[in-house]
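Please work from the sequences and hints to get the whole structure.
Quick note on numbering: the sequence shown equals residues 494 to 1430 in my numbering.
Keep in mind that the hints were calculated from the coordinates and are not lab data. Check each hint, because a few of them may be wrong.
DSS-like, lysine-lysine: derived pairs with alpha carbons at most 25 angstroms apart [claimed, not checked]:
(1) K651 with K783
(2) K783 with K624
(3) K637 with K756
(4) K810 with K533
(5) K624 with K636
(6) K651 with K637
(7) K615 with K1097
(8) K766 with K756
(9) K821 with K1089
(10) K610 with K659
(11) K610 with K783
(12) K809 with K821
(13) K734 with K636
(14) K637 with K624
(15) K755 with K766
(16) K1133 with K1097
The model shown is predicted, which means the values in this text are computed figures rather than measured ones.
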Amino acid sequence: MATWLYRIGEAAARRAWAVILTWVLIVAGVAGAYTAFHGKLSNTFTMPGTQTQQLSDELAQRFPSANRGSGQIILTTGDGTALTEEQKQAFSAALSALPSEVLSVDAVTDPFTTTSKLAEAKTQLDEAHAKIDAAPSQMEDGKKQLNAAASQLEDGTKQIADNEKKLDDSQAQISAGQEQLTSAQKQLDDAQEQLKDGYAQAEAAGSPAAMMEQLNAQQAQLTEQQNAFNEQRDTLTESQKQVDAGRAEIASKKDELAEGQKKLDEQRNQLQKTESELPAQREQLERQQKLYDFASGYRMVSEDQSTAIATVSFKKKIYEVPSAELQKVMSDIESANLHGATVQFDANLSESALGGGSHTGEMAGMVIAFIVLMVMLGTLVAAGLPILMSLVGVVVGVLGTLSLSSVVEMSSTAYTLGLMLGLAVGIDYSLFILNRYRTNLLEGMPKVQAIALANGTSGNAVIFAASTVIIALVALNVTGIPFLGVMGNAAAFCVVVAALIAVTLTPAVLSLAGTKIMSKKLWASIDTPQKIAERRAQDAERTEKPNGWLRLVLARPLLTLVVGTLALLAVAAPMSQMRLGLPDASNYPSDSAAYKSYALGKDKFGEGMSAPLVAVAHTPANMSEEQAQQAQIDIASAVKERGGANVQAVVPGGMTDDRTLMIFQVIPAHSASSVETEELVHELRAVTVPVQGSEVSLGIAGQTSGNIDVSEVLAQKLPLYLGVVMGLSFLVLILVFRSIMVPLVASVGFLFSVLASFGAVVSIYQLGFMSSLFGVDHPGPVLSFLPTLLIGILFGLAMDYQMFLVTGMREAYVHGKDAATAIVSGYNHAVRVVVAAAIIMISVFGGFIFADSTMIRPMGFGLAFGVLVDAFIVRMTLTPAIMALLGDKAWWMPKWLDRLTPNMDVEGAALSEKMSENIQHERESAAADSGSKLGSE
494 MATWLYRIGE
504 AAARRAWAVI
514 LTWVLIVAGV
524 AGAYTAFHGK
534 LSNTFTMPGT
544 QTQQLSDELA
554 QRFPSANRGS
564 GQIILTTGDG
574 TALTEEQKQA
584 FSAALSALPS
594 EVLSVDAVTD
604 PFTTTSKLAE
614 AKTQLDEAHA
624 KIDAAPSQME
634 DGKKQLNAAA
644 SQLEDGTKQI
654 ADNEKKLDDS
664 QAQISAGQEQ
674 LTSAQKQLDD
684 AQEQLKDGYA
694 QAEAAGSPAA
704 MMEQLNAQQA
714 QLTEQQNAFN
724 EQRDTLTESQ
734 KQVDAGRAEI
744 ASKKDELAEG
754 QKKLDEQRNQ
764 LQKTESELPA
774 QREQLERQQK
784 LYDFASGYRM
794 VSEDQSTAIA
804 TVSFKKKIYE
814 VPSAELQKVM
824 SDIESANLHG
834 ATVQFDANLS
844 ESALGGGSHT
854 GEMAGMVIAF
864 IVLMVMLGTL
874 VAAGLPILMS
884 LVGVVVGVLG
894 TLSLSSVVEM
904 SSTAYTLGLM
914 LGLAVGIDYS
924 LFILNRYRTN
934 LLEGMPKVQA
944 IALANGTSGN
954 AVIFAASTVI
964 IALVALNVTG
974 IPFLGVMGNA
984 AAFCVVVAAL
994 IAVTLTPAVL
1004 SLAGTKIMSK
1014 KLWASIDTPQ
1024 KIAERRAQDA
1034 ERTEKPNGWL
1044 RLVLARPLLT
1054 LVVGTLALLA
1064 VAAPMSQMRL
1074 GLPDASNYPS
1084 DSAAYKSYAL
1094 GKDKFGEGMS
1104 APLVAVAHTP
1114 ANMSEEQAQQ
1124 AQIDIASAVK
1134 ERGGANVQAV
1144 VPGGMTDDRT
1154 LMIFQVIPAH
1164 SASSVETEEL
1174 VHELRAVTVP
1184 VQGSEVSLGI
1194 AGQTSGNIDV
1204 SEVLAQKLPL
1214 YLGVVMGLSF
1224 LVLILVFRSI
1234 MVPLVASVGF
1244 LFSVLASFGA
1254 VVSIYQLGFM
1264 SSLFGVDHPG
1274 PVLSFLPTLL
1284 IGILFGLAMD
1294 YQMFLVTGMR
1304 EAYVHGKDAA
1314 TAIVSGYNHA
1324 VRVVVAAAII
1334 MISVFGGFIF
1344 ADSTMIRPMG
1354 FGLAFGVLVD
1364 AFIVRMTLTP
1374 AIMALLGDKA
1384 WWMPKWLDRL
1394 TPNMDVEGAA
1404 LSEKMSENIQ
1414 HERESAAADS
1424 GSKLGSE
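Put into structure tokens, the structure is as follows:
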């Protein structure tokens, strides 16, 4: 490897412009790829296999509207006064225009329309309750009215019967009169016949006067009787007509009574039906009342009427919505004339629409790094070169990473981590090669040879150091957590690019830098062979003499070890209280839009309003509508009962058409990152409710539960990952140092560095110790994936410092120096560049402590503090102290293991020795040739 890198360095130095042009083309290529293929980044972290993710996948198929992104807009007067009708109407109008103005907006929930509908529903329920309550007395009145009507019908029936009897009697009398009249008529007719016979006889007798007088008198009598009979007949006829009319009237009344009886029976049946249905109606009303009571617990307008919350629902998940469209949602609302009212936007809207931020902290870190390089290297060109290399590296690494963001779900943290690491290692890797190049020049080497040797020695160390970081980062994939694997891969890619630039572009630029890489004074100190020899002798003497800090450490190694260990344990102690989580709006800076929205919502509606949970229940099939409603009530009641004071409201959110899946919105009483909300999620997942003979379990989904699931899985994976990294570091260090104790010391030291870093992060970002100094307005849980990332990154960096410091000790020991002298020699050989590299790392990472993102801030601090502890306490203090206490035992290794272990030669010592021999041979040949010439003369 060292020889191969030597050749690469030599080729780069001789063909500098070709190498530079190649990297320019690479930069242009990745810039073009980024422009063409970059996608939307996400700050939402998912975890396959967790309950939240399983339910989210199911909801996406069966209940799409419940699995889409949304954001909240809060309207407020700001002074506690009630919103005016004018302000309400203006806000409603602005909201209603969003679906037509912004393509990604699916729907909006107007708080005033919703509140009005709830009020109408309340009125209808009150009216229904009044009707139901009045129904029993109304039915009693109806029964009385029906009984009275039945009595009237009975009286009518009796009256008809009496009238029929009277008519029958009258008919009998008429019939009897008609019979008598017929009989009398017959007698009268017979008398008339006899009278005719009498007239005939009288006429035959000559009509004697006396006979005729007698006959006429009889005729008058018969005529009078006939007239009387006719009058009786007319009377009977009239009586018959009256009887017939009476019978017709009775028949009509019978029909009326029959119709009345029919209506009475119908009314009685209806009354009985209403009476039988009343319990079911009362139950239905009670169900509707309970559902309303659950829904009314979710307020969209504050009690003092000064604040209202609107919800904007999108057609896709929030991180898939283009930032420009989120920005348009906010600008459209902000530009509306709200007549003095103001609006606030929640984190889903305000944070997702943000750009890259100001990067002021990162710039400050780069400035500090430049100052350190200036102090160390003495020229602007030398100080600027590592920074330039790191910038080229992050451009290629970050843009290359983001080019894949359209096909790989990627968080903004992923590329920021790559940026952070790319800057830090990019500067350090180039610095290591630059420093070795300067050393070679001071040894009197020609420029090209000095560059090539620096690339073959320090470049070899850089490749090894980069490999350890890359392995640790890529190993994040073994956790089985996709987003963490993406972060590791993105950061590893940036490290790969930084290493490639260090061993290719850096040699090319060094060859063009010429004499500007060192000050004139330094060049003057090596302008003759004698000065070079004198400088070499001074360096050798200085290297073997302990100075400054090392002298203090080696004077009292045991005391140093005890004090240092106790100090690290004290710093690490708060780690025992570490609680993992993902930041929510409650952890944002006080001046951020997300926190202002959260604080306003907390004040007016409760802090859980910004952290809704989605409860999902799988219910039995073939339920009726009434059974489904009762199931909703039973489940919501169980949620409220189990959650207790930690539940602010439970709102039934709907069900599928087949009524086999129901969702509920649960509003916690506390913020998303609170202990209470985490406990609530676990409590609700333990809920079981009997529904139609089946036990229905409750599942919890949503962003809040997703964050909790992610944190728990990461906490479970952390010991495994730490064990893998510790074991890996031990094996790698055995290969490098060919020792058992040195790798063991290094691995344990790494563990102390990690634990101290964890403790410091917990102290500041969770417990709030000195939080104001670091801009932490609202302490909260430690970023859930931060410990895992710290382990991976600090492992790589710790191995860098271990290698650069201790390999020099090993080389000195192998070449015959005693253990104590080897410690001093190796330490002095590397300390200057290690100190500079560590300060640069701390500066670059520290620049992210005040980044805009609440996720990046603790990451920057944790890495900066971890480097500080590992470089200055573990590697430069405790390691020399332990090595001094161990003496020769530090380099002990079983012979069988020594035979099996390959020689890594990380710093290219063999190459360096070979080159030194060649240079010495060339010098001796040159001296011999010079002597021959003098002799011949």
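For each hint, the structure was consulted:
no.	hint	in the structure
1	K651 with K783	54 angstroms, violated
2	K783 with K624	18 angstroms, holds
3	K637 with K756	15 angstroms, holds
4	K810 with K533	11 angstroms, holds
5	K624 with K636	17 angstroms, holds
6	K651 with K637	21 angstroms, holds
7	K615 with K1097	23 angstroms, holds
8	K766 with K756	15 angstroms, holds
9	K821 with K1089	20 angstroms, holds
10	K610 with K659	68 angstroms, violated
11	K610 with K783	16 angstroms, holds
12	K809 with K821	16 angstroms, holds
13	K734 with K636	42 angstroms, violated
14	K637 with K624	19 angstroms, holds
15	K755 with K766	16 angstroms, holds
16	K1133 with K1097	21 angstroms, holds
In the structure shown, a violation is registered for the earlier hints numbered 1, 10, 13, in ascending order.
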